Amino acid sequence: MDKRKVYLDNNSTTPLDPRVLDVMFPFLKEKWGNPNNIHVWGREAREAVETARENIKRMINCRDGNVYFTSGGTESNNWALKGIAFANIDKGKHIITTKIEHKCVLNTCKWLEKQGFEVTYLNVDREGFIDFDELEDALRKDTILVSIMLANNEIGTLEPVREACELVKDKSNAYFHTDACQAIGKMEVDVESLGVDLMTISAHKFYGPKGIGALFIRNGVKIDPLLHGGGQEKNMRSGTENVAGIVGMGKAAELVMKELDADKEKLRRFQKMIIEEILEKVKRTHLNGPSDLEKRLPGNVNFSVEGVEGESIVMMLDDYGIAVSTGSACSSKQLIPSHVLMAIGLKPEVAHGSVRISAGRFNTDEDIAYFLEVFPGVISKLRSISPLWQG
Amino acid sequence: MDKRKVYLDNNSTTPLDPRVLDVMFPFLKEKWGNPNNIHVWGREAREAVETARENIKRMINCRDGNVYFTSGGTESNNWALKGIAFANIDKGKHIITTKIEHKCVLNTCKWLEKQGFEVTYLNVDREGFIDFDELEDALRKDTILVSIMLANNEIGTLEPVREACELVKDKSNAYFHTDACQAIGKMEVDVESLGVDLMTISAHKFYGPKGIGALFIRNGVKIDPLLHGGGQEKNMRSGTENVAGIVGMGKAAELVMKELDADKEKLRRFQKMIIEEILEKVKRTHLNGPSDLEKRLPGNVNFSVEGVEGESIVMMLDDYGIAVSTGSACSSKQLIPSHVLMAIGLKPEVAHGSVRISAGRFNTDEDIAYFLEVFPGVISKLRSISPLWQG
Amino acid sequence: MSELYSEKLIEHFRNPKNAGEIKDADVRVTVGNPVCGDVMTFTMKVRREKDKEIIEDIKFKTFGCAAAIASSDILAELAKGKTIEEAKTLSYKDIVRELGGLPPVKVHCTQMAVDGLKKLIEEYERKKKRNHC
Amino acid sequence: MSELYSEKLIEHFRNPKNAGEIKDADVRVTVGNPVCGDVMTFTMKVRREKDKEIIEDIKFKTFGCAAAIASSDILAELAKGKTIEEAKTLSYKDIVRELGGLPPVKVHCTQMAVDGLKKLIEEYERKKKRNHC
Ligand SMILES: Cc1ncc(COP(=O)(O)O)c(C=O)c1O
Ligand SMILES: Cc1ncc(COP(=O)(O)O)c(C=O)c1O
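Chains as they are written, first to last, in our numbering: chain Y, 11 to 401; chain W, 11 to 401; chain A, 629 to 761; chain C, 629 to 761.
Hints listed in this document are in silico derivations from the structure and should not be mistaken for laboratory results. Every value quoted in this text rests on a predicted model; they were computed, and no experiment measured them. Fair warning: there could be bad hints in the mix.
Coverage of chain A stretches by chain Y, computed from C-beta distances (three or more under 8 angstroms per stretch; other residues unrestricted) [what the hints assert, rightly or not]:
| no. | segment |
| --- | --- |
| 1 | 644-653 |
| 2 | 704-712 |
| 3 | 743-757 |
Which stretches of chain C does chain W cover? Using the computed rule of at least three CB atoms under 8 angstroms from a CB of chain W, they are [claimed, not checked]:
| no. | segment |
| --- | --- |
| 4 | 634-644 |
| 5 | 683-694 |
| 6 | 741-748 |
Yeah, the Cβ is synthetic: ideal placement off N, Cα and C, and Gly gets one too.
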């Protein structure tokens with residue numbers, strides 16, 4: 011008997027849409043040419059790559075710039091930060107970001123600090139929002155880049171990027187970068203209305219393949235490549251193109267353009283059901299991130315459950331075929347609570363009990379019902395063997 | 011009627027082996043989990059990634075180090091050079107490489123020079139070989155890295171990496187890196203016998219997918235990551251793993267271990283046939299690269315054909331369904347002759363007439379016969395409209 | 629060493645046999661700290677047989693990851709039936725072996741369980757001495 | 629602008645109609661340089677009709693990439709039948725248009741063909757003047 015399987019970890023990675031696989035397949039099977047070649051194998055690959063690029067540009071309404079393919083969100087973020095930093099040293103060495111960025115932004119900043127750059131990490135409030143006054147105060151003459159994410163991957167906070175970008179443009183000459191990995195596919199993302207100079211995209215967060223992403227760069231932005239070499243991607247990002255991945259990402263973008271409205275409505279509905287029912291049924295459980303769902307990434311839910319540790323929740327749900335995530339991660343000495351949960355002011359012991367439930371395009375009403383049925387029992391069981399729980 | 015298609019551009023990219031696609035397919039269709047997750051979707055992905063890694067380690071006889079997955083040869087080379095450079099500044103800022111490395115090594119070096127590093131570019135002789143005396147003279151107290159490729163991608167020169175590495179280890183404290191992109195799958199590559207500290211691999215050169223590669227790093231080597239972030243690949247290379255790509259690369263490695271001997275024998279045979287027959291049939295045509303085939307990458311052939319330009323040869327062969335490459339590349343002002351052909355001392359006008367023919371696993375005797383039948387006529391036709399040819 | 633949890637670990641985590649509290653325990657100890665993410669409490673009952681002191685039962689309650697819970701359970705299983713002197717020789721390696729390997733980042737969980745046992749025994753011997761005096 | 633060669637360009641490259649030399653040409657010129665990778669020679673025959681000078685034929689020989697060869701062929705085609713005065717107004721844009729677009733890095737090839745035509749006309753007019761004197 012096959013166990014029921016319910017995947018609610020779409021903020022971690024999304025299933026590959028079967029329609030995406032269909033268009034990728036020929037580029038793995040017979041059209042494996044290198045787009046840099048001028049013979050027919052190369053030309054058919056080149057055409058496919060450029061068609062995909064056009065789809066992605068359309069999805070984000072890119073009119074004054076280009077998108078360059080990378081190996082994913084991590085590379086795009088590393089590129090944006092290091093590329094701007096090294097290319098604009100003459101203008102300054104100060105960067106501003108937030109305390110709740112993805113590790114690939116934060117650890118890149120840490121490395122840049124070792125190279126002599128200075129980084130300001132903005133605080134966030136209890137729901138994860140930055141403060142405009144603090145941002146304005148942080149801006150300096152030598153600020154070359156501000157990087158603020160569009161949607162937080164753990165607690166779903168939608169940062170006011172458009173307003174932040176306006177403020178930065180108004181008060182400084184810094185470039186503005188946003189990490190839109192989580193937002194794409196779950197809400198409208200329009201680089202013209204946001205006004206950003208650079209934006210990171212990752213295909214496997216919107217039903218495309220893993221190992222492929224892109225960086226949007228506005229015309230006129232001064233940036234060094236991160237990968238130097240043969241001159242692919244107009245000399246901005248070298249390396250033989252991952253053609254099948256690019257084609258898949260292009261198709262995924264096309265599907266987002268078609269289906270975003272329906273997807274979004276569904277994710278909002280599931281999100282609301284989960285939040286309302288769990289908060290009611292499982293006592294001493296708290297919602298992390300915005301409670302106003304209009305300011306929260308559709309489909310994302312994050313709870314702190316008192317008395318139990320997050321990984322144990324994940325592992326116990328796994329026994330029921332349900333996939334979710336936790337912000338609690340083991341290091342070699344101790345459990346490290348999520349830096350995001352710490353930044354919104356949770357106590358470590360509460361942060362340890364966090365669990366993220368994230369719905370996606372392929373979830374059904376039955377999936378949510380099954381989750382809601384199983385979850386309370388799992389928490390009871392874990393609390394019954396917890397020394398921190400006096401039921 | 012389908013036109014006959016003969017792909018002889020395997021040094022540019024290789025066909026994806028159908029057996030590789032077979033094992034990748036499930037990781038695109040249903041096993042799309044993120045290997046960083048502890049639930050069952052994550053665990054099945056993690057297992058597949060680690061199995062692939064073991065295959066790759068076995069293929070290169072990695073016993074004292076690890077291989078880390080990257081997005082391809084370009085990233086691995088960028089990582090090796092920049093990672094060593096930034097991590098070892100305290101020991102020195104001098105790097106040695108050769109004039110015939112792939113652009114992703116040379117352009118990375120150019121960028122490092124802008125950051126204050128000093129690079130020595132070794133000369134090569136008319137067949138593309140480095141000179142040991144020149145290497146020894148170039149070594150300095152502050153040399154931190156020597157990077158010399160195993161097999162040149164244009165003219166097939168097999169550099170004496172083992173001996174060069176021995177010399178470097180003997181006379182200095184520098185790390186030794188080799189770019190083995192072209193060698194893997196076409197000849198034995200053993201990091202223990204070579205003695206290198208770092209080695210670059212790219213899957214799409216040995217019948218694996220594009221957009222995936224690896225860097226071998228020996229234990230104890232001090233290197234910075236190039237992509238910082240979530241801590242994947244033991245914190246050496248962050249980013250959600252390209253699981254399907256990794257699985258494909260692992261399978262490709264397995265096939266290399268099984269079939270290398272047969273592949274190599276065949277490539278040597280085809281290589282010999284092409285060289286002998288064309289040199290005889292097409293007058294004023296010259297072989298570039300080593301004439302001793304034992305010192306040449308199996309399957310690689312490179313000719314300079316007097317009186318005609320390389321791209322026009324490629325395009326005319328394309329009309330016959332034959333794919334080859336040229337070292338001649340158009341820039342916005344003029345044709346740029348290959349830096350490799352210039353380094354071996356060709357005159358620009360001769361370098362412009364270069365064509366690379368590279369056989370691979372899937373070529374047949376019929377393919378080679380067809381090529382040999384078509385090629386002389388194509389050259390005659392182009393020479394007949396060339397002002398530089400007085401037939 | 630494996631990067632993944634073994635089946636055995638997962639089984640001990642999902643269906644621990646020694647979870648709970650011994651009501652009439654001889655000793656009760658707590659190790660770890662909620663701030664660091666792992667807390668284990670152990671209760672132990674000892675019986676005397678001739679001149680031997682045998683661990684009759686150990687139960688645990690654990691707040692922590694799957695490895696921490698499984699380690700607690702395995703520890704109890706390994707210690708039960710052993711004499712106090714025998715139990716003193718148990719090391720985290722015995723737990724790792726019993727679990728059939730463990731991701732390196734999780735080894736500290738087994739150490740914490742062993743620390744719990746050590747503390748149980750110390751506490752037991754301290755009490756015994758007090759009672760003797 | 630397209631990143632790829634158009635079908636039209638490829639057709640002109642593969643089956644150029646104007647390749648070769650006019651044996652009894654009025655003028656013959658060479659542009660480009662083998663070191664830079666493109667050399668084009670053109671021969672041209674002009675006929676007088678009333679007071680007009682009409683380009684009766686142009687042929688080329690080209691060493692260069694497909695774009696250079698196709699551009700030479702198109703140039704000849706565009707110039708043929710035009711008067712010298714009309715031919716003077718031809719620009720590289722006409723060739724690009726006729727080819728149905730061109731990768732940006734190849735635009736210099738069309739310019740070289742136009743330079744060839746310019747040189748043909750200059751040479752023709754220089755000769756004419758000399759003959760008149
Ligand atoms: C907000 C955010 N940024 C960046 C990344 C990294 O993207 P990738 O996994 O494609 O490297 C992720 C997901 O992992 C993410 O959620
Ligand atoms: C010798 C050599 N090094 C590096 C590369 C770059 O590898 P990739 O195309 O995977 O980035 C190539 C091929 O493109 C190569 O031939």
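A quick look at each hint next to the structure:
1. Only when three residues or more bring their CB closer than 8 angstroms to a CB of chain Y does the claim for the segment 644-653 of chain A stand; here the count is 3, and the claim holds.
2. Counting residues of the segment 704-712 of chain A whose CB lies closer than 8 angstroms to any CB of chain Y gives 0, so the stated coverage by that chain is violated, three being the minimum.
3. With 0 residues having a beta carbon nearer than 8 angstroms to a beta carbon of chain Y, the segment 743-757 of chain A misses the requirement of three or more and the stated coverage is violated.
4. Given as covered by chain W, the segment 634-644 of chain C passes the check, having 4 residues with a CB less than 8 angstroms from a CB of that chain where 3 are the minimum.
5. Requiring three or more residues with a Cβ within less than 8 angstroms of a Cβ of chain W, the coverage given for the segment 683-694 of chain C holds, as 7 such residues are present.
6. Note: the segment 741-748 of chain C has 0 residues with beta-carbon separation from chain W under 8 angstroms; the three-residue rule is not met and the coverage is violated.
Comparing the model with each earlier hint shows violations of hints 2, 3 and 6; every other hint is respected.
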